[in-house]
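K.L.:
Each chain, written out:
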Amino acid sequence: MEIAAPAPAEPTTSTLHKLLRMRETGLIAIILVMFVIMSFASPYFLTWVNMRAMVMAFAVEGIVVVGMTILLISGGIDLSVGSVTALSMVIAGWLFLQGIDPWVASAIAIAACTAIGAFMGFFVTRVGLHHFIVSLAIMVIARGACLLGTGGRPLGLYTLPPEFKFIGQGTIGPIPLVIIIFLVVVLVFDFMLRRTTVFRKVFYTGSNEKAAAYSGIRTKKVIFLTTTLCSALAGFAGIIYMARFGSAQPTFGLGMELNVIAAAVIGGASLTGGSGTIFGAILGVVLLSVVSSSLALLDVSVYWQDIIRGSILLAAVSVDHYLHKKRG
Amino acid sequence: MEIAAPAPAEPTTSTLHKLLRMRETGLIAIILVMFVIMSFASPYFLTWVNMRAMVMAFAVEGIVVVGMTILLISGGIDLSVGSVTALSMVIAGWLFLQGIDPWVASAIAIAACTAIGAFMGFFVTRVGLHHFIVSLAIMVIARGACLLGTGGRPLGLYTLPPEFKFIGQGTIGPIPLVIIIFLVVVLVFDFMLRRTTVFRKVFYTGSNEKAAAYSGIRTKKVIFLTTTLCSALAGFAGIIYMARFGSAQPTFGLGMELNVIAAAVIGGASLTGGSGTIFGAILGVVLLSVVSSSLALLDVSVYWQDIIRGSILLAAVSVDHYLHKKRG
Amino acid sequence: MPDDVILRISNVSKSFGAIRALRGVDFELRRGEIHALAGENGAGKSTLMNVIDGILKPDSGEIVWDGKPVRISSPTKAQKLGIGFVHQEIALCPDVSVAENIYMSTTNISRSFLMDYKGLEAKARNVFRQLSDIDPSVLVRDLSISNQQLVEIAKALTLDCKVLILDEPTAALTEKEAQVLFGIMRRLADSGIAIIYISHRMVEIFDNCDRVTVFRDGQYITTCNVDEIEPADVVNAMVGRVIENLYPDKQALADKSEDIILDVQGLTDNKRFSDVSFQLKKGEILGIAGLIGSGRSEIVKGICRLDGDVSGDVSLNGEPLDLKHYQDSIAAGMVYLSEDRKGDGIFLDMPISNNVSALKLEQVASPLGLINRELEDGQAERLGNKLNLKCGQLSDSVSSLSGGNQQKVAIAKMLSVNPKLIFLDEPTRGVDVGAKAEIHRILRDLARSGVGIVVISSELPELIGVSDRVLVVREGRIGGVVEGDMITEENIMHLASGLDAQELMA
Amino acid sequence: AQAEGGLRCEPGETYIMNVMVSGHPYWVPVYQGFKQAAEAFGCETVFSGTPDYDITKQIASFEQDMVKQPAGILVHPMQSDPFIEPIDRAIDNGTEVATFAADSPKSKRTAYITSDNLAEAKFAAEEIVSQIGDSAEFAVLENPGQSNHDLRVTALLSYMEKHYPNMKLVGRQATNQDSTAAYRATASILQANPNLGALWIPEAGSAEGAVAAILEAKADVLVMHADITPTTLEHIKAGNIHMALNPNQAMQGFMGFMSTFLAAHSEVFDPFNDYKVSGYNPMQIPFVDNGFSVITKANADSFDLNVYMDGRDPS
Ligand SMILES: Nc1ncnc2c1ncn2[C@@H]1O[C@H](COP(=O)(O)OP(=O)(O)OP(=O)(O)O)[C@@H](O)[C@H]1O
Ligand SMILES: Nc1ncnc2c1ncn2[C@@H]1O[C@H](COP(=O)(O)OP(=O)(O)OP(=O)(O)O)[C@@H](O)[C@H]1O
Ligand SMILES: [Mg+2]
Ligand SMILES: [Mg+2]
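Here the protein sequences come in this chain order: L, C, P and E. Numbered per my numbering, the first sequence spans residues 1 to 328. Numbered per my numbering, the second sequence spans residues 1 to 328. Numbered per my numbering, the third sequence spans residues 1 to 506. Numbered per my numbering, the fourth sequence spans residues 1 to 315.
Quick caveat, the hints were computed from the structure, so don't treat them as lab data. For glycine and all other residues, C-beta sits at the position ideal for the given N, C-alpha and C. Be a bit skeptical, because a hint or two may be false.
[Stated by the list, open to error] Chain P is faced by these chain L residues, among others (derived, beta-carbon under 10 Å):
1. R153
2. G156
3. F199
4. K201
5. S207
6. S215
7. R218
8. G274
9. S275
[Said to hold, decoys possible] Partial chain L-side listing against chain C, Cβ under 8 Å, derived:
10. A137
11. I141
12. I307
13. R309
Chain L on its own, in the form it takes in the complex (with noise of 0.2 Å):
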């Protein structure tokens, strides 16, 4: 019998191939494009000091996006990021000063982040609230807590240990410790969520919750969890900083989630939730990080910045897209 139905199609393993069809192969080549535009514009761009301190720049917000990829996969999304990140420097720091270890203090700053991780997961999952409008509580609440714990005013650490500051501060042979601590995070969670099963139910939650949930998964409690880990790391990020920069300031991370939320879905995180990539988001994280760099070296005026930065986005994003889309 000749049946109509099409014999499926070849697995296509050629490692070429395979790269090529990775959702992030345009994005690598737009970056790569940059790269090669600006060694040419700049003789200070391919410098070691200059791509160190361009990721310096991004490392630390790196976790966070790292974090919020994840939840974005599930369908949330987190506008707290930043006033987190803020408020976890500002438990530590202000801990640390009434006397308390800084270790310690650190791990109680982190557990309350992921305390307000877990009541946000509370509202969205018990209460039915949509993730947008609670973090957009949070995001005011947790500003207002970094206000009243300092009063307004950064609280100066320069006491802290240096042990302590190593982590933000000290380097591994020519490697700054932040960068390796990012490239640890994200290279965990992105092997995690590519290949355990646990960061798989994410991934089927996101994509169509009611079918998770028809299929035993406890869809709230995913949904629960990756909103706790969200704010989790973005309170190890608040620690790192508070240690790199030996300060805590109540006005960190102002407008933090915009720039968050733009790198994953710049890296192919979907809004709608099902898909995404930490290797993606980070990729999101570096072109975004590229560009301010880039207009700095190249002593670009400010009044013409954000014109460049905002229309290199949009062609970015556009010629992935169709990059994407042409691949299929």
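Given chain L, work out where chains C, P and E with the ligands should sit, using these hints.
P.N.:
Chains C, P and E with the ligands alone, transformed into the frame defined by chain L:
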């Protein structure tokens, strides 16, 4: 014949019943409760002057909320409204300072903002990008254009002719013209959204874009138009602000987008499209505004205000959600 | 033999607001039986299944599992007990692969830390070996509705369950796939698994099931052994009256006309179909048959310009059409009822009346473009009554309706515009016998009054019952046409699969 | 590197001014002063920093400035402690650093040029008391989290408390430089306190909104604020705002350049101290006050930034 199909239930026509079933009843109740509490807490709350000041504080933003609500219903979102509002002021102000008639200058500014909306609409409907990322890029670009147009300095427009300033500062009887304009915009769009065939298509598109296309609706055109309309209204709002404050600030409206989206969502607009009302969104604006005004009137410590504001927001949305769910 | 009973439902009730979907129903399921559940649209079949699966909480009543009373609070719990469920509405994750969708529950309870994608694909390929040949590595979003339905079935078959619930699994399947499914079901039953089978196709019930339980209007009516009763008895119990003619009379010879309503010549999209030519004559109902994925839907969508680039000539009532968009098609009076009800047929969150009016709002609006709610509600009520729609209020959202009633809303939407030509893709998918007969009668009346009717259906008896002529599509081309007495299952199947084509064409 | 004619830059010797929120108009006159000083010594200048309110980005831009090996950087550190390490590293690499408008005191920066916010606050307090008496009601708007604004407010409050205990603070609202928020807050304060005599606002954006509310309520309130915008300038001319205190921005930039430049040319300076043995730059000065102007109806015409910038290059 005992046929299964029951006669369609009696349409319940009693006005009370209708009111109770309305999406907005919960919000109205919450706002009323706040009014009662506040009128006991402060003798100044329920005064004409205070009420007028409160409405003046949200009236212009309310116009932007109208545009955003319609866009949300169609399934879109716009993060650029704050920048576009500022850009409208800057364009009109700049042209005026070049000697162009302020009315003409304003018309050009609104046209430019409309064009920006159309530009975004193009990227969304033709290129196929997500509203979020397109409007984020435009947010950055428009802010950059504001800086470029002003050199970062506010434009003093004290010399605007009185008949132009009248838009923003005049009163008709005891009522400020701004409030009248706001009410007209709200009533017109509320009516159109509820009653006209054109706007009904916005609901269809947002509810299920594919089904709408299968019903012969040009969904891309609808989305294009709602995106354009939202920017046009933001541009219009910018002109009113300009007339009101007699200046054009390049940094105006920072963070406005979150406020505006929050108001629409509190008022029942869905972030996934397909539902929402102007009336509800305006109630959302009123709610946020009552909270802010009350905190100021009661002279609550600034370090507590954000915490209280966020908490009330969260509580109000939860209560509303609960009431809505209970009514089914 | 009471210990044979694996699941017993007693006196279960469930209301949604004012709607009493279940009123103290009883139900009993034995090990190793295939137990059909029949009832009109909205009788409460899916609701009961959702109660059994822990998706809905019953208001009252008892569930006894294997002799012990249980509370099933979630699908997870149900899964632990050993209940597998294929839902009436397809519920798959569009962003992940077919293989992962099939093994979602397995992944969920799996103790292994890492995903074994290769293993999953191999296992999935194995499952499909007997069912169809879908590539397990593709994303579900790239599958057609019928293939998605097959994935749903495959998903249930992989479950290690004691009770398997199939809620209208064959609604979008053709005979061939359905037969495969029945074979598998019987094997499962023989190994002791109890199967609840919900369907509106009487033939399937009588050919494949052991017992049948009938619900009407949320109430339990009766349970019988299938070999002790006739289909008419079941129908009678379901609707509370006798339905004499499932299908209306066909076109009388005298009514035959040579006027051509639709003339399609050389329609091609170079991907899914090519060189399609056919005509629809006045007064006749044209059926389109074919295997899953043969391109039936694509051809019809191509005619209406709903999809992609299409070339070829289409004329309606003798006038050549120059269509650019589907809007032009609607304007010309040619409409399409989609096979994917949930995906592109209805607006789930919107009121029933708004759904019905969506195709041509101008009809319920003043010349100035103001919608007149009374007209809108009136239209929905009129068409709803005509189609025997069972609903609460017209302002309720369509999501609150049973599957079959949602389909009626979609049909009402098509009828609302008084079209010149309707393409109906699986029009009675999930619709109960009574309403089906009603829809068929309406179609016949429309055809008689000069409206062109083209029906695509995977249910051969339906095609045979309603069509005056059947076009058989094979691999994107017209495989042949059968007419009059030649419209038989064998002939259609032969043409569809390409056997003996020459012979039949003669 | 000293030419015959005295202190001058070598060709290509560059000085960078690095800020956060680089689009903010505050920097415009500062940079003009910076540039004017640089021109006097034949030096090149670059205006750099980040357009964002983001410490990480500012540090990245500072480090990128460093890569270019300029002679000196005048930086407005968004936060003091995070800049210690980058500033010290720059100085170790031969780029001199001075700070302005915000300091990083624990770093090796050679100088800090700023307005004296305490002096501004004290002046404002005395002016308010001289205008409305020492037993009246007053209110403040504020911008918690921004240190110089904070200081302007808290210093005024403590000064009042100490010297004029009968002055009653009846309102204290955060408006965060948002004119709409300031409008709302002021309207509420006016409602609750019909006898309000004066309002002190640490920046101009909020002042615009506050004046709108006061005009609408037809209240008679003495408004004083710091900084200036064209709109508040017009309000001063119209008598709606009593006066504004504006830091001498150009002087800030000019002295900022001088400090950085002199730090880079410290060879001309041999002070009476231990610098040779201890190895630090002899050009050290903890604090330079750039002073402030009092803007009133009488002198308002000289403070129109757009007029000032006419024909000048902002970058
Ligand atoms: N979520 C809901 N909200 C309100 N009413 C509902 C809901 N789900 C089902 N109903 C109502 O309950 C009744 C029974 O629906 P159910 O889906 O069980 O019918 P069914 O027998 O499966 O019909 P079909 O053959 O059409 O699938 C219907 O009247 C339906 O409108
Ligand atoms: N969105 C799509 N993307 C890719 N292929 C598709 C898509 N929709 C349909 N196809 C493929 O096009 C071919 C024809 O599909 P079509 O839906 O027209 O078939 P059909 O005869 O109506 O059968 P059925 O609807 O029962 O699957 C099939 O091979 C199908 O898999
Ligand atoms: Mg059902
Ligand atoms: Mg089909």
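K.L.:
Now tell me if each hint is right for this structure.
P.N.:
Checked hints:
1. R153: 47 Å, violated
2. G156: Hint on L/G156: violated, closest Cβ of chain P at ~45 Å, above 10 Å.
3. F199: 9 Å, holds
4. K201: With Cβ-Cβ at 7 Å, under 10 Å, it holds.
5. S207: Constraint on L/S207 satisfied, holds at 4 Å.
6. S215: This interface hint holds because 4 Å falls under the 10 Å limit.
7. R218: 6 Å, holds
8. G274: 4 Å, holds
9. S275: Result: holds, 5 Å to nearest chain P Cβ.
10. A137: Given a least distance of 4 Å, the restraint on L/A137 holds.
11. I141: 3 Å, holds
12. I307: 4 Å, holds
13. R309: Nearest chain C Cβ about 6 Å off; hint holds.
In this structure, the hints that do not hold are numbers 1 and 2, in rising order.
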